[in-house]
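Below are the chains, spelled out letter by letter.
Protein chains: 2
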Amino acid sequence: MPLAVMPEKPAPTVAIIGLGLIGGSLALALREAGEAGELLGCDKQADAVAEGIARRVIDRALQSPREALAQADIIVLCVPTMAAADLLADLTQEAARTGSSAIITDVASVKGGLEARMLAQHGCVPPRVVLGHPIAGSERSGVGAARGGLFRDHLTILTPAENTDADALADVSHLWRAAGASVVCMAVSTHDRVLAATSHLPHVLAYCLVDTLARSPHGDDVFRFAAGGFRDFTRIASSDPVMWRDVALANRGALLEAIDDFAQHLITLRAAIDAGDGDALLQTFTAAKTARDSFSALQATRGRS
Amino acid sequence: MPLAVMPEKPAPTVAIIGLGLIGGSLALALREAGEAGELLGCDKQADAVAEGIARRVIDRALQSPREALAQADIIVLCVPTMAAADLLADLTQEAARTGSSAIITDVASVKGGLEARMLAQHGCVPPRVVLGHPIAGSERSGVGAARGGLFRDHLTILTPAENTDADALADVSHLWRAAGASVVCMAVSTHDRVLAATSHLPHVLAYCLVDTLARSPHGDDVFRFAAGGFRDFTRIASSDPVMWRDVALANRGALLEAIDDFAQHLITLRAAIDAGDGDALLQTFTAAKTARDSFSALQATRGRS
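Protein chains in written order, with full-length UniProt numbering: chain Z, 1 to 305; chain P, 1 to 305.
Keep in mind the hints are simulated off the structure, nothing from the lab.
Predicted model, so just to flag it, every value in this text is computed and none were measured.
Among the hints, erroneous ones may be present.
[Claimed, not checked] A few chain P residues that face chain Z, going by a derived Cβ cut-off under 8 Å, partial list only:
(1) Ser64
(2) Ala197
(3) Asp221
(4) Leu255
(5) Leu256
(6) Arg270
(7) Ile273
Using N, Cα and C, we set each Cβ at its ideal position, and we do this for glycine too.
Bound-form chain Z, shown alone (with noise of 0.2 Å):
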């Protein structure tokens, strides 16, 4: 007697709207891994579509991102973070009205305004709606810089609710793991404070670094004679203008007490240097040391694994 076989669930058609470093490298990340039925893809730039048709990071072109609701088993919304809120209340009113179950998630930077936005439209997150943020990037952009590598090793973060349907959840959590993403929940202040640390506010450090040395009499000698420690610390402040002014302005909040935490502290540390007291140098010099060590640690934990 042959044995039943379980009909395997079939790979999701996926729409991507916005066609950018993170829209592109999911598409390529999902083709790789065989883990996407049809790729469709969406962007108001005509020639970023045109280009993912081109490299096959779709396989079609959706006219806009309304069409995924009837076409897609999962939209990912890939679009700038301020654009993200208005896509999202477009889409999920759209869906509501035409009963489509089509799964929507995003990749947005920030997660509060996305689901103050659902609140005010919805009394709640919608359940097919999973809000999520890849924790990966690059100082490129655009679907030019896409690889299917980017998310490798990467943690993507998911905000999911407490309606959140378990089997959209389950699907947006697959997605990305196919993806090659490591996959964790938490609540959306959760993220949005611990990413004005890690992210948001070394964002702005850099930028602010690199501007107050651009715009110093100095300026020409300071790039000309920096090494190693200054390109790494500095990498970042050549990220996406405009996509880092969304994410302040989105994570206003967040981030002005990661400012603030950072600025007591620097205060603290520059009366040490006045007062040349060496020990309080040596204590949070050796502390940084101590905790940035074992991040390394973790990271090469991870990155093995």
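Let chain Z serve as the given structure and place chain P on it in line with the hints.
The following block gives chain P in isolation, referenced to the frame of chain Z:
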């Protein structure tokens, strides 16, 4: 009639005082280039000397730095910044007493303190003393981390005084070029200001950020969810705390100025975020990206040259 052949200048005997990352790497670079005669070494730590001989970083150990005055053509002080002034004072005094013509140079990250010490002691920087600073390093330290390629495609800054012996300057320049570095000369005060901006300030900011996050109530999460941008941004916070305490104290004046310039700019950026002034943020971020991209291009050119 045979052509007259100029006798080649024999490769100098070089004494490395302080067998750490920099001293060890210089010795290895000179050996690999075939540009040193005997390589002598000296360190307070007996195991550093033993490791230096075992790894063939140096050929022979000196019992004390003073022995180098009679045995070496060039003495390179590779001890920590704070120890360099005392050592330089002792060796220049002993050189004056014994009539040694050995060239003395150093690698300390801050030059002002050494210059001031020489002025106080001798009324000038002695002609055979050439203060210098290779702009290279690593967050690793110790002779075990030494590698011959450390200075390749990097700059070494020399800060000759008006009365510096031209031959001594040429010999020290040659030494660093043999080790793979490009050599530039500038005033001590310029050096200390430029390094405060491009190196000492970034280290303080990186230590400050990592320590701020480590102390925060969400410290564990923060490091768990940090990604590549954070890793690069904070790499220099793994640097040797004792070395950087000394640098911060030795370059106090220029570092405080650099911190204040930065803090002033951070206050302006914070106000723009608080006010939701996207135009101001975009202007700063764009200017910084432009400057950083130019710096990248400059570095790429240097790497190819």
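Comparing the hints with the structure gives:
{"no.": "1", "hint": "Ser64", "in the structure": "27 Å, violated"}
{"no.": "2", "hint": "Ala197", "in the structure": "5 Å, holds"}
{"no.": "3", "hint": "Asp221", "in the structure": "5 Å, holds"}
{"no.": "4", "hint": "Leu255", "in the structure": "6 Å, holds"}
{"no.": "5", "hint": "Leu256", "in the structure": "6 Å, holds"}
{"no.": "6", "hint": "Arg270", "in the structure": "5 Å, holds"}
{"no.": "7", "hint": "Ile273", "in the structure": "5 Å, holds"}
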